[in-house]
Amino acid sequence: MSPPVQVNDLSWLIGGPQGSGVDSSANVFARACAAGGLHVFGKREFYSNIMGEHSYFALRALTIPVRSHIDAVNVLATFEAETLFRHARAVTDDGAIVYDPALGKTRLADIPTIEKRLRADLQTYLISHGVGETLDDMLAASKQRGVSLVPIPFKGLLEQIADEFQVDQLSKISRVVNMLAVGASFGILGFDFATMRTALEDVFRAKAKIVNMNAWGAQKAYDLARALVPDFRYRLQTVPREESRLFLTGSQATALGKLYGGMRFQTYYPITPASDESEFLEENEILDVNGHGLVPEAAAPKEDGASILVVQTEDEIAAVTMATGAALTGVRSATATSGPGFSLMMEGIGWASINEVPLVITLYQRAGPSTGMPTRHEQGDLLFALHAGHGESPRIVLASGDFEECMRDGFLAFNFADRYQMPVIHLVDKALANSYATIVPPDLSDLRIDRGALVPPNNGHSSENPYKRFDLGNGPVSPRALLGQEGTIFWNTGDEHDELGHITEDPGLRNAMMEKRFAKLDLAAEEIPADVKLKYFGPKDASTVIVSWGSTKGALLDALDRLWADGAKIGYLHVRLIKPFPVAEVTKFLAKAKRRIGVEMNFGGQLASVVREQTGIQMTHLVLKYNGRPMSNTELYDALGPILHGKAEKRTVLTRGA
Amino acid sequence: MALEQILKPSDFATEVHNDWCPGCGDFGILRTIQMALAELRMEPHRVTIVSGIGCSAKTIHYVKTYGVHTLHGRALPYATGVKLGNPQLKVLCLSGDGDGLGIGGGHFVNAGRRNLDMLYVIHDNGVYGLTKGQAAPTLKLGVQTKSLAHPNINDAVNPIWLALAAGATWVGRGYSYDIKHLVSLLKQGIEHKGYAFLDVLQPCPTYNDINTKEWYGGEDRKDANNGRPLPRVYKLEDGGYDPVVRDPSDVEAKASQALEKALEWGDRIPIGVFYKNEHVPTFEERIAQRIPNYMDNPPALQVIAGPHGEPRTDLARLVQRMTFKGA
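First to last, the protein sequences are chains H and A. Quick note on numbering: the first sequence equals residues 1 to 658 in this note's numbering. Quick note on numbering: the second sequence equals residues 1 to 327 in this note's numbering.
Honestly, I wouldn't trust all of these hints.
[Stated by the list, open to error] Result set (DSS-like, lysine-lysine): computed pairs, CA atoms no more than 30 Å apart in a straight line:
no. : chain 1 : residue 1 : chain 2 : residue 2
1   : H       : 172       : H       : 105
2   : A       : 90        : H       : 468
3   : H       : 207       : A       : 325
Derived by calculation from the structure, the hints in this document are not laboratory data.
This is chain H alone, in the form it adopts within the complex:
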């Protein structure tokens, strides 16, 4: 008896050499699913390379919001050999492989971009299946397991397209193979082809001929694949969509939150993966105002004239210092960077801290140290962000775990920077930045802009009674003046300063200024609402509690849904405000737990060490990953089970991901 058909729960993967158009095919596939009412989550993996190295997109499509990827692939779509060699083993036994039969004789050894380690591993696999080392052998090994093979004669189809559209050279339309692979995938999945065409039109917009060629070819591949595998177990069907949805990346979500929060100045130096956000801002530098956030229907008559000025600087030192200079004029100002760039910003962060300048730094973490793996994921900069710079300088550190948090924290970072007059480091990471997903537009109507204490111009100051930028008389926060304002001249210096902002080395003043600056952190800890600091998921009396932060949230929640369905008594404390650390709140959630599991994408268990430092509570277990690939919900589920059953070591290292 054949297993039941699985509708609208699919894991799809497409790969190819960088620069060959794989991005567009994943985009069309995802947009078609989204247009068809499905939720999607896509993970993008690529090398630090412009052209030729392997890149891939793993995408899940479901009827409910998707928060993470899984290890298994139901449909693998390829038009070249490397993707097939790399990913065929991940295809489920009931899955399918779309491939080019003309490449069947390609040998593993013919592909120089496959690393030696992986090649040896694949050879062992092929030998164990008693087959040779060609692509046909790889396919045969898959077929043995029950995988459906979907040969698509890509070259033949390209020739037909060239004939139909009178294209003189096949090389001019070589990129169409991407859409043929998408078309063939939708063919076996039985998805509505008209919806795919809509997605093609969305992606290629004004270019009618390109849309027509791609659609014509995709339809051929669709029909061919459907005839080859008419009874595929996985199906995708359009479903009615009640509410509007956004389809975006984490970089875009962060940018939107920052703009909504009133950011009008951003600096950056090109770096992966942070640049995407700045480029998005540059493309959208003219802004509408007097509106209502994300909801188009509610928009009041718009005023034009607002803008975000994005400046590409000569280096990250200039990025952080220029953003700080701008912040002194009153604009909400930020810079966005990744590890190596952040390393260059240390001195500037200290300057902003001692001069009490509201400055936002969005830090897109990637695998370090040094250049590390520039295009791969890690949450390795938490301790660095907490301590960045010499001396002791207060700052606020916020870490986002999903797209809505990227938006909210992007917004709130500016409020905290203004209210507590200090740098705010907003931690995002590669997995969030480069993932794309459909979300229900978050309701941000509770958000309000708080500029903190400001002194108006001409506020009665005189030579006898001068404005004191660092007034010690009225609590830790001194009302701030803006450069250019009449009647409030002040001075800044990186030296320790007096109330006016002039250099001092007076021991008493030094103490007073240190205490003033740090008292603002206590105030922040008191005032920032609990629901911003952290969130607890799961049963209140759970004897096992996970502590995590950042983008592991999606995979954890998806894994926990399955563990809870299994009856596990396990909770999850997601910490968003790392500095000032929510000591009382974290203690409350962890004090009674028998097992405490730190889950983090780094080697050392950085949040776990912060928890221990701040609360004295130690994790009983750590689940860590540092191979550059984000945690899948599958591997988290597999790792948490043994811990719950008392059968795990203290330290579990996750290793999956291609």
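Add chain A to chain H, keeping to what the hints say.
This is chain A only, laid out in the frame that chain H set:
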């Protein structure tokens, strides 16, 4: 302070104790800045002076305008941020030669590429004064100032050449003991439309015992006829030098002339304006090509919130292409 009041240099003075060494060239620069601002009738609050680190950087504490004393080598990017945040402000930027040409050399080059409307002044004394006299980037090869263990092993960079190569559209050099001339240069630099660079030669009486006031003044080489010293410093304009690019086609000739003059050193050291070209669009003008109302509604002056903190940014157009509308 109302504009109609006649401003005096003392209106730009603070009560902060000045701790420069007696005879420091910085005094001349400080005084000329105060004089230039007064003569240009600049309202103190409309002016922001940004400095880096070192003796030169302390200047801002002695001037009653907004003053931002920043990090070693970083005065230019801070100043750039101030000017871009609110281009309606008048921005002056001060560095030492180690500050601006050594640790901050990268910013020096990139500021030229932008041509932002501000004046950058380098206090040029050939030594790192505040750290006790190490060789700085404008000290010549083989020169041994008094705290050096050995003669300088590095050659000097030519700030005028570097500024021209980087794209500064006004390049001048002053001498801190020629007050009247320096005031005139500061005023011209401030009023120049675009990025102006002013190299100011200044003795460091404590650590540079080679390029002293007496050396610049030619006390060591007196006129045989009348016994008067023959100053090394001379004014370009006295020889009829014309630095102004009057037509874009003049650029090559005027830049070549400036480069040639800037090679002079030793017995004859030119001061004055080497080059001036207002045909290059300023950074502000380039931004206004993309953001038409940039000058009228710059980042710092935009209203981002309603009376109760309601965010005013409308994201609807931005998310249009990301939106799949509900049924």
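Which of the stated hints cannot be reconciled with the structure, identified by number in ascending sequence?
none
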